[in-house]
Amino acid sequence: EQQKGKSSGPHVARIRRERSRARLSCCTHVEQIPCIERVSLSVGAYRTDEGKPWVLPSILEAEKRVLAKGADKEYLPITGLAPYIALAREFAMGADSPSIKENRCASVQTLSGTGACRVIAEFYTKFLGEHFADGKVPMYLPKPSWGNHAKIFATAGMDVRSYRYWDANTLGLDLEGMLEDLAHAPGGSAVLLHACAHNPTGVDPTKEQWDIISATLKQKKLAIFIDSAYQGFASGDAEADAYAMRELEADGHNYALSQSFAKNFGLYGERVGTLSMICASPEEAKRVESQLKLIIRPMYSSPPLAGARIVQEVLGDPALCAQWRSECAIMANRIIDMRIALKEALVKVGSSKNWDHITNQ
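In UniProt numbering, the protein residues as written are 1 to 361.
These are calculated hints, taken from the structure and not from any lab test.
Note that the Cβ used here is the ideal one computed from N, Cα and C, for glycine as well.
Please note: incorrect hints may appear among the correct ones.
[Said to hold, decoys possible] Under the rule of at most 35 Å between Cα atoms (straight-line distance), these lysine-lysine pairs were calculated in the DSBU-like manner: (1) Lys353 <-> Lys151; (2) Lys52 <-> Lys286; (3) Lys151 <-> Lys73; (4) Lys218 <-> Lys286; (5) Lys101 <-> Lys293; (6) Lys126 <-> Lys64; (7) Lys73 <-> Lys207; (8) Lys52 <-> Lys64; (9) Lys143 <-> Lys52; (10) Lys101 <-> Lys64; (11) Lys136 <-> Lys126; (12) Lys101 <-> Lys126; (13) Lys73 <-> Lys101; (14) Lys221 <-> Lys101; (15) Lys136 <-> Lys151; (16) Lys73 <-> Lys52.
[Claimed, not checked] Simulated restraints, written as ranges between beta carbons of each label pair: (17) Ala319 <-> Pro34: 33 to 39 Å; (18) Pro34 <-> Lys207: 14 to 20 Å; (19) Lys293 <-> Asn360: 32 to 38 Å; (20) Ser326 <-> Gly51: 20 to 26 Å; (21) Glu284 <-> Gly157: 21 to 27 Å; (22) Gly44 <-> Glu344: 31 to 37 Å; (23) Leu294 <-> Phe132: 18 to 24 Å; (24) Lys353 <-> Phe132: 41 to 47 Å.
Assemble the whole structure, with the sequences as input and the hints as a guide.
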């Protein structure tokens, strides 16, 4: 009830209070309970054995170097920090990427992966919507997918649909169902693929399965959007985790790519990301970039500077980058070890279920 004599106006007065998301509310509640032995399985952030965040030593060193240079705090251009962008997309697509070598990859810095998803959603709505009677572009997400994906694309006016991915019977990839659903997608639809460490199942296609998926996508001429949030974090090897991105480009797909450096660099709060789009020519890339700038300008205008400089420092220094790769492997291997321990504990307590998928993911 409003205080007597005070009003925010009739429009604001009618606004209802939305309930907090159950998962986030639960996390807040659990954190307030005094307990030594507890593990959060809900928030996507790495923790040490003590349950504390781990700032990678390579990141601390990069941050120290950035500060020592005494750089300014000026606004970045709409497209972002150019040296960072160049290093980031090469990190994902490889130094031999044809689109990078031929200057036909349009790239912008974004507010981590979430920002990249929103920008590409607005781009698809603006330029693919004319192919559909209601103007709503179908966006096919794996079932299940990261919870925020559907909200992002729906908010941008896309028609969110799903394709089969997780097979509850085999506890693995439903490749047949996935291919069948994508084969029936209307031409011009968009499809989202997880580059590696599929969220939330942890199930990724094998190299052979990626080849089959690529062939199906080529036949349908779908707009491919790859979301890469865990490169290096999945297997411990950033090069191995880049297989899908590099293979799909080698197969001739002009896809869009989202990158986030939250998980693999531990830069959760710095919001460092990129959005890249492989184009047919340098001239097309310039046109695409100009349109991305028009989308970004009224949305957030200019991306954050600090985190991008840190990633640039790491990726731009071979020795520091090698240190980061070893630290990333430490995180990935520890997660693998915890999976093994969890499976062994489940077997030890007498569970009759098959838990092989925990260590196979």
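Hints versus structure:
The hinted pair formed by Lys353 and Lys151 meets the criterion: a straight-line CA distance of about 34 Å does not exceed 35 Å. Distance restraint check for Lys52 and Lys286: the Cα-Cα separation of roughly 44 Å exceeds the 35 Å cut-off, and the hinted pair is therefore not satisfied. Under the criterion of a C-alpha separation no larger than 35 Å, the hint pairing Lys151 with Lys73 is consistent with the structure, at around 33 Å. In summary, the hint linking Lys218 to Lys286 is supported, as the alpha carbons are separated by about 24 Å, within the 35 Å threshold.
Annotation: proposed proximity of Lys101 to Lys293 holds, straight-line Cα distance about 22 Å (limit 35 Å). Distance restraint check for Lys126 and Lys64: the Cα-Cα separation of roughly 42 Å exceeds the 35 Å cut-off, and the hinted pair is therefore not satisfied. With a C-alpha separation of about 44 Å, the suggested pairing of Lys73 with Lys207 is violated against the 35 Å cut-off. This hinted pair checks out: Lys52 and Lys64 have alpha carbons roughly 22 Å apart, not beyond 35 Å.
Between Lys143 and Lys52, the direct Cα distance comes to roughly 32 Å. Compliance with the 35 Å bound is thereby established for this hinted pair. Distance check on the hinted pair: Lys101 and Lys64 sit about 32 Å apart at the alpha-carbon level, within 35 Å; holds. Taking the CA atoms of Lys136 and Lys126, the gap is about 10 Å. The hint holds against a cut of 35 Å. The hinted pair formed by Lys101 and Lys126 meets the criterion: a straight-line CA distance of about 28 Å does not exceed 35 Å.
As the CA atoms of Lys73 and Lys101 are separated by approximately 31 Å, the hinted pair is consistent with the 35 Å bound. Restraint check for Lys221 and Lys101: satisfied, since their Cα atoms lie roughly 24 Å apart, inside the 35 Å limit. For the suggested pair Lys136 and Lys151, the alpha carbons sit about 15 Å apart, so the restraint of at most 35 Å is met. With a C-alpha separation of about 30 Å, the suggested pair Lys73 and Lys52 falls inside the 35 Å cut-off, and the hint holds.
The hint said 33 to 39 Å for the Cβ distance between Ala319 and Pro34, and at roughly 44 Å that hint is violated. At roughly 48 Å, the beta carbons of Pro34 and Lys207 sit outside the given window of 14 to 20 Å. A hinted range of 32 to 38 Å for the beta carbons of Lys293 and Asn360 is inconsistent with their spacing of about 43 Å. Between Ser326 and Gly51 the C-beta distance comes to about 23 Å, which sits within the given range of 20 to 26 Å.
At about 24 Å, the CB distance of Glu284 to Gly157 agrees with the hint of 21 to 27 Å. The hinted window of 31 to 37 Å between Gly44 and Glu344 is violated, with their beta carbons roughly 24 Å apart. The supplied range of 18 to 24 Å is met by Leu294 and Phe132, whose beta-carbon atoms lie about 22 Å from each other. Checked against the given bound of 41 to 47 Å, the beta carbons of Lys353 and Phe132, roughly 44 Å apart, stay inside it.
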